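Protein chains in written order, with the numbering used here: chain A, 1 to 248; chain B, 1001 to 1404; chain C, 2001 to 2399.
Keep in mind that the hints were calculated from the coordinates and are not lab data.
The structure displayed is predicted, hence computed values, not measured ones.
The C-beta atom is built at its ideal place from N, Cα and C for all residues, glycine as well.
There could be a bad hint or two in this list.
[Unchecked claim] What follows is a list of derived Cβ distance ranges for each label pair: (1) A/Ser-42 - C/Arg-2151: 33 to 43 angstroms; (2) C/Phe-2167 - B/Phe-1057: 39 to 49 angstroms; (3) B/Phe-1057 - C/Ile-2110: 56 to 66 angstroms.
[Stated by the list, open to error] Taking lysine to any residue pairs in the SDA-like style, the calculated list, with each CA pair at most 25 angstroms apart, reads: (4) B/Lys-1122 - B/Gln-1325; (5) C/Lys-2056 - B/Tyr-1128; (6) B/Lys-1156 - B/Ile-1269; (7) B/Lys-1219 - A/Glu-121; (8) B/Lys-1151 - C/Phe-2367; (9) A/Lys-113 - B/Tyr-1395; (10) C/Lys-2063 - C/Ile-2084; (11) A/Lys-4 - A/Arg-51; (12) C/Lys-2220 - B/Leu-1024; (13) B/Lys-1123 - C/Pro-2053; (14) C/Lys-2183 - C/Phe-2070; (15) A/Lys-76 - C/Lys-2183; (16) B/Lys-1398 - B/Phe-1228; (17) A/Lys-24 - A/His-73; (18) A/Lys-113 - B/Val-1318; (19) B/Lys-1219 - B/Lys-1327; (20) C/Lys-2056 - B/Phe-1159; (21) B/Lys-1083 - B/Met-1378; (22) B/Lys-1123 - C/Leu-2371; (23) A/Lys-116 - B/Gln-1218; (24) A/Lys-133 - A/Ser-99; (25) A/Lys-219 - A/Arg-51; (26) A/Lys-84 - B/Arg-1319; (27) A/Lys-234 - A/Tyr-31; (28) A/Lys-138 - B/Tyr-1395; (29) A/Lys-138 - B/Gln-1394; (30) A/Lys-191 - A/Ala-207; (31) A/Lys-116 - B/Val-1399; (32) A/Lys-116 - B/Gln-1225; (33) B/Lys-1327 - C/Gly-2283; (34) A/Lys-4 - A/Ala-80; (35) A/Lys-113 - B/Arg-1319; (36) B/Lys-1398 - B/Ser-1385; (37) A/Lys-4 - A/Asn-192; (38) B/Lys-1219 - A/Ser-115.
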Amino acid sequence: MGKKELIKFENVHKWYTPEFEVLKGVDYKFYKGDVNVIIGPSGSGKSTFLRTINALEEYQQGKITVDGIELNHNIKNINAIRSKIGMVFQQFNLFPHLSVLHNVTLSPLWILKQSKAEAEERAMELLDRVGVKAQAYKYPNQLSGGEQQRVAIARSLAMNPEIMLFDEPTSALDPEMIKEVLDVMTELADKNMTLIVVTHELGFAKAVADNVIFFDGGKIVETASPQEFFNNPKNDRTKLFLSQILNH
Amino acid sequence: MKLEGKSRIGIKSIWQDTHRRMGLIQFIFFVFIIYIIAVFTTNIFNSLAKLDMTLSFRFLNNPSHINIGESLIDINNSSSFLKIIFAGFINTISITVVAIFFSTFIGVFIALCRLSSNWLIKKIAIIYIEIIRNIPLLLLLLIWYRAFFLKLPGVKNSFAMGKEVSSDGITSFGFSLSNRGLSMTFFKPTENFNPWLICMAIGLILAIVFILYLKHRQKETGKEQRSFLYPLLLFIVFAIITYFILPEKALYKDVPVLGKYNISGGLHITAEWFSLFSGLVLYTSGFIAEIFRSGIQGVSNGQIEAARALGLSHMQTVRLVVIPQAKVVIIPPLTSQFLGVAKNTSLGVAIGFPDMFAITGTIMNQTGRTLEMILLIMSIYLTLSLITSFFMNQYNKKVQLKER
Amino acid sequence: MKNKLNPFLSAEEVKHPTLFWVRKNLFSSVGNVILTLISFFLIYLLIVKGALPLLKLDWTVIKANMKLIFTGSYPMDQLWRVWILVLYIAIFFGLTFRVFSIKTPKLIFIISGILFAFCFLEFSVFTKVFFVLTASLLVGSYFLGSLVTKRKLTQVIGLGWVLLMPFSFIIIRGFGGFLPIVKPNLWGGLLLSLLISLTSIFLSLPIGLLLALGRRSKMKFIRVVCTVIIEVVRGVPLITILFIGYLILPMALPASWTPSVFIRALAGVVMFHSAYMAESFRGGLQGISVTQYEAAKSLNIGTVKTMFLIILPQVLKRMIPILVNSFTSALKDTSLISIIGMLDLIGISTSIVSNPKYLTGSAQVLFFEGLIYFILCFSISKGSMVLEKRLGINTKVGM
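Okay, chain A solo, but in the shape it has when bound:
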């Protein structure tokens, strides 16, 4: 493909107890610039799969490599990997005691050691890009859900990540605010950011994704381009799942 391989999963297993295995041998490669959408039933392990990438979840067997760095217990590796990855959570997780602007500038000030002027300028740029510049001096709980999520995206972007992870970013939003967040994510995709998104928003997958990954029972069941995936699913389980969610 000519694209750079960014993340590699090799036979990754994760279990909580010997009886309760969450990831049952996952193999996958993520490439730079791709938009990857992960769909699947709840409890399938797709969120866990996503969260192992930036070490929010540990894994017991197999190997994960991010941009050449092996993800293991070494704290240096973990920090190096986390600096390349931004994450957006279902519950936004904005810091309620800081203003919107400070939410975005916090990490650049303390980690990237930027000056206040630099950090704020970049933050305002990002907030403008996601469309919440007017709320910069308000506090998170004064914003609507959609606005908060967009701030969360800006906050992650402020660290100049190479990869952005989205864990069901619109699941906690009221319907009328879903579009504004998806629009921001689409704009990121247009600018060639590598995205890995766990979501139920199939419209987004159809329109923007390069790869659609169907995750079920702790494994990747099928993966294909959106056209192939939605029109021509090969696996029976995929077909079952699609029939359940496309026809309501």
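Starting from the known structure of chain A, fit chains B and C onto it as the hints suggest.
Chains B and C only, in chain A's frame:
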């Protein structure tokens, strides 16, 4: 009840009209309360009259002829009642402040142990908390007083450290524990104390300047500065350095000396004071530990994940994300614990510590002025509560997370 | 066959999971090792300097005064009545366990086991008989409870616990004709503490509820009066309220009504707890969303009926753990009545020690009482945690 014609305001229509009904209920309630108050008051005044007394606070200016045992202010046998009540008040406040300080310190320490990843430390902290929370404070006080202090040997055979007998037969101690209390070597001001006092004042000003500077720097860099800890450290270091630089020492070592019947000199803490103090500290620290623990654990996991995902280190996450949020949840119950300490000092009456309440009891015994004294002591406690609530509400408003 | 255990473990650790746990929790880092060593030292200190000397003390003062500690000056020949109360509690305790479908009632077996074990110590035959009876009733009622339907059982235990207070008063005090009257000034020790705490909870519930409702009332005068009462009582120490009850109440009541010390102490404790209960109710009532009231209004249910049929059941269910905790704080706070001269559990210790024979026994008595308080309060609070889980109450708000 049947009504005749709409022009009559019968009881039924009042009952059905919600506004009028509320008015009627309030009226009935009002009459009821007034009646109760009237009956009580008349009875009280009748009882007082039988004893040939009227409600009056004038007796407070009379000499009391009471010895109260220990006091931080200068009083004697003939001080007025008002003055000894004030002495009691000072006793209460002073022991409250010191107890609050120590119990918060210990409470935070226990909370950290409780959150430790070392299983033994965690279990020890849990056991401590469970024991403290399940026995009455009064029992704790009595155990300290009767089962510990009163069992100690007398002054002549006290448990002592640093005991020296000088050439003229005078025994002195570094530290002595007896059934009267504990005495220890303490630093007291010499005649040359004032220069050092001035230096400390300068240190205070420097610290304040430092605070202002740090706040300015916070504005400039956008990064949160430790605008309390560093100035505090500065003040302490400055005070220590100036103490040693000054040519004449500002403090001298006052060593407790064994006299004929008791020990004089040094710092003397009575058994009563120490029992009340340790009981209060142990008891309150258990509750404070739980408040801190649940405040810290109450910060949602997602916050910590978001901070770590952004690349903040563990210490940075704790300082910038967890603590500010925990503060909001911790302050209100912490304040009511502090108030509780002030109210719990009243238990000093059970072990003979002359706190405000105990002195009130003594006065009531002496003069029979129960009603006046109770009104007085209640007003003092209520004022304390109100002042504390007021300040707590102010601080709370300041740290509250801003909602829409 | 996959190795289901953590592959980061070496083969040796797989063989010795306990050792691995020890290493992880106690010795995982330098800091941890230091902490573990400090804890060992602390434990050593506590045992050698603390616990051992304690055990070496002379405990005869406890053995000789058991009855005083537990029942005060209750007449010896009427002690069987106290035991009847214990049996009553045992029966309903066992039935309650059954109602909550606790499959293996470990607690019941532990308590029965302990009671049987007590029979081997030095107690009178009379006491031993009752130990056995209590143990049997405890276990028996648990098993017999399965014979009745759950619904009926819930009604029975509801009634049983509610009637506990009046029943205990009747049987302990006696009533004319059937049971000789034992005046309250003879009640003492643990019996007195429990009676006053229990009564305080029972009475402070309705009073606290009324105060809380009054505080929320739209009628301004009622709201002000209730708020003043609540804030004044909460703002002063309990001992002050007790003194008011002790000194002022007799003055305020008509001369013919002179209340006994018991009533005065009880009044003070009830007043105090009602104010705190009112605050708990306030929190509980605030937790009921406005939509409940609106639904009731739209169904045309009157205000009073709404309160009793809809709001209160929800509030009370949510407040059960708080109520159970109130009982433990009531038990602890009640110890203050010793200051106004009543011979509750703490007060009795003073009178035991004033007996010249047992002058040196204050430490033993106090520690024994501490043990009693601890066992009671700790079990009750653990029980309330189990209760919370069973009833599915979340004490953490929101998800």
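Taking the hints in turn, this is what the structure says about them:
no.	hint	verdict
1	A/Ser-42 - C/Arg-2151: 33 to 43 angstroms	holds, 36 angstroms
2	C/Phe-2167 - B/Phe-1057: 39 to 49 angstroms	holds, 48 angstroms
3	B/Phe-1057 - C/Ile-2110: 56 to 66 angstroms	holds, 59 angstroms
4	B/Lys-1122 - B/Gln-1325	holds, 23 angstroms
5	C/Lys-2056 - B/Tyr-1128	holds, 23 angstroms
6	B/Lys-1156 - B/Ile-1269	holds, 17 angstroms
7	B/Lys-1219 - A/Glu-121	holds, 15 angstroms
8	B/Lys-1151 - C/Phe-2367	holds, 14 angstroms
9	A/Lys-113 - B/Tyr-1395	violated, 32 angstroms
10	C/Lys-2063 - C/Ile-2084	holds, 23 angstroms
11	A/Lys-4 - A/Arg-51	holds, 22 angstroms
12	C/Lys-2220 - B/Leu-1024	holds, 13 angstroms
13	B/Lys-1123 - C/Pro-2053	holds, 24 angstroms
14	C/Lys-2183 - C/Phe-2070	holds, 17 angstroms
15	A/Lys-76 - C/Lys-2183	violated, 76 angstroms
16	B/Lys-1398 - B/Phe-1228	holds, 17 angstroms
17	A/Lys-24 - A/His-73	holds, 20 angstroms
18	A/Lys-113 - B/Val-1318	holds, 19 angstroms
19	B/Lys-1219 - B/Lys-1327	holds, 22 angstroms
20	C/Lys-2056 - B/Phe-1159	holds, 21 angstroms
21	B/Lys-1083 - B/Met-1378	holds, 18 angstroms
22	B/Lys-1123 - C/Leu-2371	holds, 19 angstroms
23	A/Lys-116 - B/Gln-1218	holds, 10 angstroms
24	A/Lys-133 - A/Ser-99	holds, 12 angstroms
25	A/Lys-219 - A/Arg-51	holds, 15 angstroms
26	A/Lys-84 - B/Arg-1319	holds, 23 angstroms
27	A/Lys-234 - A/Tyr-31	holds, 23 angstroms
28	A/Lys-138 - B/Tyr-1395	holds, 21 angstroms
29	A/Lys-138 - B/Gln-1394	holds, 21 angstroms
30	A/Lys-191 - A/Ala-207	holds, 15 angstroms
31	A/Lys-116 - B/Val-1399	holds, 24 angstroms
32	A/Lys-116 - B/Gln-1225	holds, 14 angstroms
33	B/Lys-1327 - C/Gly-2283	holds, 21 angstroms
34	A/Lys-4 - A/Ala-80	holds, 18 angstroms
35	A/Lys-113 - B/Arg-1319	holds, 17 angstroms
36	B/Lys-1398 - B/Ser-1385	holds, 20 angstroms
37	A/Lys-4 - A/Asn-192	holds, 13 angstroms
38	B/Lys-1219 - A/Ser-115	holds, 11 angstroms
When the structure is compared with the earlier hints, violations turn up for hints 9, 15 and for no others.
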